[in-house]
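Turn these sequences into a full structure, and let the hints guide you.
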Amino acid sequence: NATDCFLAYDWSGNVRELENVCRWLTVMAPGLEVSSADLPPEIIDVQGKDESVQGSWEDLLKAWAMNDKLSADSEALAAVMPRVEKILIEVALARTRGRRQEAAKLLVWGRNTLTRKIQAYQLNDDSSATQH
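This note's numbering applies: residue 2 is where the sequence shown begins, and numbers increase by one.
I should point out that these hints are in silico values taken from the structure, not numbers from a laboratory.
BS3-like, lysine-lysine: derived pairs with alpha carbons at most 30 Å apart:
id: 1; residue 1: K87; residue 2: K106
id: 2; residue 1: K118; residue 2: K106
id: 3; residue 1: K87; residue 2: K63
id: 4; residue 1: K87; residue 2: K118
id: 5; residue 1: K118; residue 2: K63
What follows is the structure, encoded as structure tokens:
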């Protein structure tokens, strides 16, 4: 479960990393209760000990689309693409501990593109001291 993942994680980024994960969850978790499937990839035990997340991300996306998410009137692509970008931005910022220049390089974007997308998705991480 999500609590076990939180307790097992190393938290090398300390409080800032925890804050980033909490921001991630407020954006990405679909409901009021957080499950381990809602956690960012670096928190989930990649050794396969977390049975609630199984299969590749492609398999999970396919299952999501098959579950009536992809229909003529669903606009699934328009719904999923911003979420994918948000996830990648959150992960890049978490891995670089909020350093936008480094995060932009991970995403193969310019810093201005990353900044624009952070603002568009309202992902401000309030880390202006670490924005290079």
